Amino acid sequence: MAVKILLERELKLIIRNPGFIIGLIFIIAFYSFIGKMTGYAVETSVREMYTASIGIINRDSSLFAQRLVEDLNKTFGGRIYSVSSVEEGLRRYGYVLVVPENFSLIENFTNRSQVYLYQKIDKIPSTTTLSTQMSSLIAGSINNIIKDLLIKMRGYSPEVMNKSVSVYSEVLFRDKFISQGVLMSITGFSMFLAFITAFIMMMVGTFSTQLMVFEKIEKAFEMLLAQPIHRRDIVIAKLISSVVQSLLMGAAYLIGMFLMFTSMGSAATSSSQPFSSENYTISFSINDLIVYTGAGAQILLLIGVILVLGMIYVGALGIIAGLLASDERSAGYVGGPIAFFFLGVGFAMMFISPPLDYTVAFISSFAVVPAIVYVITGSLLNDYMFIMLPLIGVSIPPIILIIIASKIIDRDIVVTGLRIRRKMLRRT
Amino acid sequence: MVMRDSLERYAVYIKDLVKIFGRDVVAVDRLSLYVEPGEIYGLIGPNGSGKTTTLRIISTLLRPTSGEVYVFGINVIKDPIRVRSIINYLPEEAGAYRDLTGLDFIRFMLSLRFSGPRLIQAVEEAVSIADLGNDIKRPVRTYSKGMKRILALSTVLASKPRLLILDEPTSGLDVEKSIRVRDLILRYNREHQITIFLSSHNMLEVEYLCRRVGILYKGRLIAEGSPEDLKRITLSRNLEEVFVKKVAEIGS
Ligand SMILES: Nc1ncnc2c1ncn2[C@@H]1O[C@H](COP(=O)(O)OP(=O)(O)OP(=O)(O)O)[C@@H](O)[C@H]1O
Ligand SMILES: [Mg+2]
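Line by line, the protein sequences give chains A and B. Numbering-wise (this note's numbering), the first sequence opens with residue 1 and increments by one. Numbering-wise (this note's numbering), the second sequence opens with residue 1001 and increments by one.
Mixed in with the good hints there might be a few duds.
With the C-beta cut set under 10 angstroms, the calculated list includes, among others, these residues of chain B facing chain A [stated by the list, open to error]:
hint, residue
1, P1091
2, S1159
3, K1160
4, I1165
Facing chain A, a subset of chain B residues (Cβ under 7 angstroms, in silico) [claimed, not checked]:
hint, residue
5, L1062
6, G1073
7, R1084
8, R1098
9, L1100
10, D1104
Within a straight-line C-alpha distance of at most 20 angstroms, the following computed DMTMM-like cross-link-like pairs (lysine to aspartate or glutamate) qualify [to be verified]:
hint, chain 1, residue 1, chain 2, residue 2
11, B, K1145, A, E218
12, A, K120, A, E70
13, A, K219, B, E1124
14, A, K123, A, D327
15, B, K1078, A, D410
16, B, K1078, A, D357
17, A, K74, A, E48
18, A, K407, B, D1079
19, A, K219, B, E1228
20, A, K36, A, E48
21, B, K1218, B, E1176
22, A, K12, A, D412
23, B, K1245, B, D1229
24, A, K123, A, D60
25, B, K1160, B, D1174
26, B, K1218, B, E1191
27, A, K407, A, D233
28, A, K176, A, E88
29, A, K219, B, E1093
30, B, K1218, B, E1228
31, B, K1218, B, E1092
32, B, K1145, B, E1093
33, B, K1137, A, E218
34, B, K1218, B, D1016
35, A, K123, A, D383
36, A, K120, A, D60
37, B, K1145, A, E215
38, A, K219, B, D1099
39, B, K1160, B, D1104
40, A, K176, A, D383
If you are wondering where the hints come from, they were derived from the structure by calculation, not from laboratory data. Quick caveat: nothing in here was measured; it's all calculated off a predicted structure. The beta carbon of each residue, even a glycine, is placed where N, CA and C say it ideally should be.
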């Protein structure tokens, strides 16, 4: 009986809180928007793949190779065009397939026989643009055709057909050729970093809101406000404290993950599956990142800087929420959607390929997570604008927010608390 | 309008002060009053009459909707930091950080004003005012309501500001503690020439402490004067009677 009464009160408190309602609406609207965007991006890239034209360079003049190209053209609905160089082909068609010399000397078919597939990417790679699907599509088709041809032209019996051709893929990323494997690993690692960043940022928001709200709850705040200090110092102290708190938590989290994967890794090794642990993948990706990006180990420093700026950013947002909130409950409701926003952006980055464009790099960096992706890309391409602009972009919101927080803490609202009245809500 | 340099002759000078919350809650309505240096001025009035709001405005916590407020000639709106350096404020509900010990709280608050030997001296003074014995080294979360009140009060007294603003200083205190606090207020007022602007619901206390009293009603000053004058004019035996008569008179 008492539970029912208590529960009723709890539920009423939640439902009557405008912050909660706004938070709900925001999260639903934002995530369905992200869903639409990613859905569209995935659809476009799949459609692109199935309608893509492919340039071909056939360096093998044998009849076998000619038949291979002809049959491949049929499989791809006549979308295969002969080109004279990889660069030209990429410029015109986006994909180029190279059949090397002596490819058709079937006796040389080993398990390592290769054709070469080149793909051109002008956007930041994401899991959708940079898929292995095109290579596997081509590999599958070629292998089927070769099987047919070997039977038809050389009279092989199907039983001995255990040889296959593999596709070696390279990507022309704007103006730099990179192995698809490496680019995939770096892209995957960027996504991982983006998520970690969003996650750690989420913590800062919670911490800073708490610090601010608890100041009010503990009732020492009014006395503090009457002391002869610049009130922005209160903001800055809380900001630093929440960033440090979250860095410690984040570090503990990473160390924990590392230990977890290391233990998993050694277990995997002892059961003779050497490269299956995620720990391996992660350290491998860090290695790729350092080796293949121009910036060397400094790239990690850059990412660290962005992380800290992002933390200050969300920390300041949290403090503003805490300053405006009249109680802990409403502060929590503001903090939630803020955190989910950055997580959502991190998620979207996996599917949406932002263009290699300076303006976009600058503006999208206001949402922090894209800055990481751009900075990695910039050092991969040795284009320092893609490092500078995101860094500037990611610094602007925190500075503005600190200024706003410093202004708010000088106003009545800090003492009286923001009250969003139902009337006000209805009017808008 | 009083001349600028003569403003400095007032510890508090308030002219046509208005504070409106939201769209239409008039908390303070064209309030004008002054407090002379060295005096203890008491603001009394029913719940919601605007006492806390007025004290918060003087303490730079709220901005007035209109009107002027000067503390020793310093404009509260234009120069809040200078005002804060010569005042201190005991809020209506003063708490302390729960995880700090009483001593740490005193040290924290006072270190925002003093450093070096002056800090040490001020902390010692606050500790002796608080008179909490060994409890001063226990976390504030273990304190009773009255202990917290004493802790906060000792901190603001030991800071010896030129103007001390006290919002219901003895609320929540038992009889003995209330008497002690009143004596402390009187002592600091006399020995250190601290001007005191306080609000209270305790007429006995106001009569005992204050040289002048202002009665607020719905944000307006409806009577002002020394307790003796007010009693004489309204033919009352004590301040409580004055209060009831005045409020009834205006209310009708
Ligand atoms: N933050 C606020 N938002 C809206 N109205 C407020 C706010 N603070 C105070 N008020 C209103 O202003 C008026 C004066 O309040 P105030 O707290 O100054 O009264 P008070 O004289 O201190 O009362 P009490 O004796 O109960 O402490 C009241 O009507 C109150 O409802
Ligand atoms: Mg009050």
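To see whether the hints hold, each was checked on the structure:
1. P1091: 4 angstroms, holds
2. S1159: Since the shortest Cβ distance to chain A is 9 angstroms, the answer is holds.
3. K1160: This hint is violated: K1160/B lies away from chain A, its Cβ roughly 13 angstroms from the closest one there, beyond 10 angstroms.
4. I1165: 8 angstroms, holds
5. L1062: With Cβ-Cβ at 5 angstroms, under 7 angstroms, it holds.
6. G1073: Violated, because the Cβ-Cβ distance from G1073/B to chain A comes to roughly 17 angstroms (cut-off 7 angstroms).
7. R1084: Hint holds; R1084/B Cβ to chain A Cβ min 4 angstroms, cut 7 angstroms.
8. R1098: With a closest approach of 6 angstroms, the R1098/B hint holds.
9. L1100: 9 angstroms, violated
10. D1104: For D1104/B, the interface hint is violated, since the closest Cβ of chain A sits about 12 angstroms away, which is over 7 angstroms.
11. K1145/B <-> E218/A: 13 angstroms, holds
12. K120/A <-> E70/A: Violated, at roughly 24 angstroms.
13. K219/A <-> E1124/B: 24 angstroms, violated
14. K123/A <-> D327/A: With Cα atoms ~45 angstroms apart, K123/A and D327/A exceed 20 angstroms; violated.
15. K1078/B <-> D410/A: Judged against 20 angstroms, a Cα distance of about 12 angstroms means the pair holds.
16. K1078/B <-> D357/A: 47 angstroms, violated
17. K74/A <-> E48/A: Satisfied, since the Cα-Cα distance of roughly 18 angstroms is no more than 20 angstroms.
18. K407/A <-> D1079/B: 15 angstroms, holds
19. K219/A <-> E1228/B: 37 angstroms, violated
20. K36/A <-> E48/A: Satisfied, since the Cα-Cα distance of roughly 18 angstroms is no more than 20 angstroms.
21. K1218/B <-> E1176/B: It is violated: about 33 angstroms lies between the C-alpha atoms, which goes past 20 angstroms.
22. K12/A <-> D412/A: Given pair K12/A, D412/A is violated - Cα atoms ~28 angstroms apart, limit 20 angstroms.
23. K1245/B <-> D1229/B: 14 angstroms, holds
24. K123/A <-> D60/A: Violated, at roughly 33 angstroms.
25. K1160/B <-> D1174/B: 25 angstroms, violated
26. K1218/B <-> E1191/B: 35 angstroms, violated
27. K407/A <-> D233/A: Holds: K407/A and D233/A sit about 12 angstroms apart, inside 20 angstroms.
28. K176/A <-> E88/A: Distance of about 15 angstroms is within 20 angstroms: holds.
29. K219/A <-> E1093/B: Holds, because 7 angstroms separates the two Cα atoms, which is no more than 20 angstroms.
30. K1218/B <-> E1228/B: Distance of about 24 angstroms is beyond 20 angstroms: violated.
31. K1218/B <-> E1092/B: Given pair K1218/B, E1092/B holds - Cα atoms ~19 angstroms apart, limit 20 angstroms.
32. K1145/B <-> E1093/B: Within the cut-off at roughly 10 angstroms; holds.
33. K1137/B <-> E218/A: 18 angstroms, holds
34. K1218/B <-> D1016/B: This hinted pair holds, its Cα atoms lying about 14 angstroms apart.
35. K123/A <-> D383/A: 14 angstroms, holds
36. K120/A <-> D60/A: 24 angstroms, violated
37. K1145/B <-> E215/A: Holds. K1145/B to E215/A sits at ~18 angstroms (cutoff 20 angstroms).
38. K219/A <-> D1099/B: 13 angstroms, holds
39. K1160/B <-> D1104/B: Holds: K1160/B and D1104/B sit about 19 angstroms apart, inside 20 angstroms.
40. K176/A <-> D383/A: 11 angstroms, holds
Of the numbered hints stated above, those contradicted by the structure are hints 3, 6, 9, 10, 12, 13, 14, 16, 19, 21, 22, 24, 25, 26, 30, 36, listed in ascending order.
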